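Undergrad: One-letter residues, chain by chain:
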Amino acid sequence: MILNIISILFFTAILYFSSSPLVFYLLNGLSICLILLGLFFFLGTSIGVIRFPDFYTRMHAAGKGDTLSSILILFGIALFVLNTGTLSIGLVLVCIKILLIINFIFIGSPTATHAIMDAGYGTEVKHWTNDSEGIKKKK
Amino acid sequence: MADQFLVLIVLFPLFVGLLIPIIAYFNKSVVWPLAILSLIGSFWAVFNTATQLLKLDPSSSISYYLGNWMAPFGIEYVVDRFNIMVLFAIICVSLLTTIFAKQVIEKELGDNAANFYSLFLLFITGLLGITITGDAFNLYVLLEIASLTSYGLIALGRGRALVATFNYLIMGSMGACFYLLGVGYLFIKTGTLNMDQLYDVLPLLFDSKAVLVGFVFIILGMWVKMAFFPLHSWLPNAYSLAPTAAACLMAPLMTKVSVYVMIRFMLNVFSTEYVYSVLTINNIIVIMSSIAIIAGSIYALSQKNLKKMLTFIIVAEIGYMVGGVWTGHVDGIRGAIYHITADAFMTLCLFMAVGCIVYRVGNDKLESLKGIFKKMPITMICFLVGGFSVIGIPPTCGFFSKWYLISGAFNSGAWYFIIALIISSLINAVLFFRIIEIGFFGAMSNEKPDYKSLQSIKFNEVPINMWLPLVIVSMILIILGIYTNEIMTNFILNIVPMM
Amino acid sequence: MIWQFDILLLTLVVVCGFVSLWIKDLMGAVIVFGAYSFLMCLVWTGMGAVDVAFTEAAVGAGVSTIFFIATVFHTSRTIRYNKWDLSTKFFSSIICILMGFFLMVAIGDFPAWGDALSPVNNNVAKYYLENSMEETKVPNVVTSVLADYRAFDTMFETGVVFVASLVIFTLLLQSDGRKKLMKSAFQKVSFLNVSESLIIRKACGLMVPFMQLFALYVVVHGHYSPGGGFQGGVILGASLILLSMAYDIKKVFARFHMKFMIKSLAVGVLIFAGIGLICLILGGNFLDYSALSKLFPSMGSIKSRYNAMLWVEVGVALTVMSGMFAIYTSLSSNGKFEEGL
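Residue numbers (our numbering), protein chains in the order written: chain A, 570 to 708; chain B, -7 to 491; chain C, 17 to 357.
Treat each hint with caution, since some may be false.
[Claimed, not checked] A few chain C residues facing chain A, derived, Cβ under 8 Å: (1) VAL136; (2) ASN139; (3) ILE215; (4) ILE216; (5) ALA219; (6) VAL224.
Calculated directly from the structure, the hints in this document are not laboratory data.
Owing to the predicted nature of the structure, the values given are computational and were not obtained by experimental measurement.
Glycine included, each C-beta is placed from N, C-alpha and C at the ideal position.
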């Protein structure tokens, strides 16, 4: 959370003090990289949800991958917004709103995953073991 | 103050309806008097509006701009000689029902009585708003209020009332949704929601498909709401299982107000030219309503339960009104408009009487009516007046509306409609004379009357606040009949444009 | 409006609609229906109707999904068909297709999307866009139309929320005792008290204050940005629902009691209608806010419209908040107001 705010402040400061095109390209490149990385993790999440053998491992993939990738994408978008046009208070405000969204996803998404996991454990959903060769056959 | 009466009509029941849930926490006994007071206030506002309106020349109307925004930009309330009649009918019916309903509500609902009164008043608010508004979307919002409260009111009944409500909810939502879609289509083509402006703009768009679809959907939505024959399936169960007070209020009003909206849209939004000349579907709809009349009457004949029988009579009566309007002749339309008011009071009379019988006897099966004339003479005489009005026996108002309907059908050459009307009158006669037979002689036609058990029955009338409204309603039925000519010349004659 | 994106969205919307009808597991259908609402919200955003999208996100995708789940929880999770059901389903789908066909036929007659010359953009809407700023000083035209030009509609829409909550509350209170709980797949969960988890409680405790702050922001800032009483009220209600899910209903009732809830339900609408009534008493028409300047001479008629709209929004938010919470508590606890989900 704090890291986010510091980094955005850092980038804002860079944009504020230098106006060379190099900074513009660097920040754009960084945001593109972040968004692509986020999309890559999303792909991993989707594959994980489909391919993992049981409820718990699937939730594990969904919970971790989903959170990380949305945070990365949103951070990339925040940088992108900061980089459009001349720097103004309005842009920084939009950035801060996106940061707040990141924070709430950071709290909310793992908690939701935990709640679903807990419910699954409470209702005794069978978990996958080395010798069970998939849940479906056992049922 | 004098120019605020139009909005006060709606505001009295609205405010008291909203206040009741709060007041009921402190004192439950003031709820009923408060409800009565609010309706009296509303009646006073309607009365004053009527006196203002009658001073003006017959074709003019009174407008009220809510929020002081001029007509197409804000919402407009309009009162003309058409809806002042419907307003009178609504407010009289609801006032009489509320006076009537005190014991019934206490007996049937117990702890829920306060919330019931709140819904009851908001339902009346919705109906008054639908009738008085001059804005197509405002009409939808108030239709939603009226529908939602009526779902609640019906669902508070006993037994399978919840299932009946669910059917009604699905059908009613579909009807409201159709209406909204229709209004949306009109809005896309015209850019306005105000009825007067729609009336001015629409003649340029008569060949547009979107306007046609809008018209069809609005009429279809209203048909679902008024339970026109193939779409009637929700009505009998819903109204026969509802609490007595709710049935007494809803059966006379909800369907009639939907008919009013249909006629309003046909005459004052789409013009008569569009409805009768551009579209050529008159005959089909008159045939449909003839079928509705006959089917409703036959269903009514096959019921063994008094309330169920009455609900099917309502279905038949809806056929009268729809058919009368679509005959396309001035007399038919006048008859249908007159029948809105007349039928509201007829249905109220019958349902109130049945409410009294259920209150004393305990159920509403036909066989438990044996000897009822001796036990509850006032109730039964009023019931008979209502019954005679439904059959169409001269001093009562039912005769005159039927007269106009038949004359309209005759002039437009819809002989099947005349036949349907006559068959329905005969069946109604059979129905009510059967009840007289059971009530007087204590036997169905194939049994021997058992005079000994009849002698043991004692006079056991309902409390005065129950029979007095009933007597008033039956008086109104006769008075309406006697003054038909005055009503026609003062109110209805000016609504319907000559064709 | 990027047409490829639109087509993708519309296809997904239609697919979601069909799937939520076909799925036999009602819980799954509810979730798919939530996804449908979310996609519709994207469609609205694409068409520029941000206020509608906001409402759809808050009500359609958010709260109504919870209501559905609460209902499924207490009734039955799967559908059992018999032949009669299937035939009615077939019949009704034919009617639906016919109606859809009629609606589609007329679409060819519509003006093009975004056509500046179409009647919609030239009649009433044009007046609103041109005069709203002068007459009310509210930049967000949607708010000025909702809360001033057509305030009477909005008042009754709030009334609809009031009526709906009151009906559900009354019915479930009445049916308690005579209705048996049906067996459902969820009951196992409810006995285990899953919501005891410390993590969930702490996380909700972190989120709820921010949610409520945001909701108040949405209510107050409706004059300038998308939002207003309905959306803010729904978010406020959702924060209460979240609390009562993380702890239990009693915990929330300690702060916001049932009796108080029903009262505030009525009070919200009464604030709205009461402002209208004050206008009427001061000599204007009903809901003519400019009459309020007689009470506060320093404001002037335009400023008083602006301020009255704010109070009206507060009334709407109050009703919607307590309405949402009342519906949730009645549905989830089956009218007993003890445990909840």
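Undergrad: Hint by hint, say whether it matches the structure.
TA: Results for each hint:
1. VAL136: 31 Å, violated
2. ASN139: 34 Å, violated
3. ILE215: Constraint on ILE215(C) satisfied, holds at 5 Å.
4. ILE216: 5 Å, holds
5. ALA219: Interface hint status for ALA219(C): holds (4 Å vs cutoff 8 Å).
6. VAL224: At about 11 Å, which exceeds the 8 Å cut-off, the nearest Cβ of chain A leaves the hint on VAL224(C) violated.
The structure shown violates the earlier hints numbered 1, 2 and 6.
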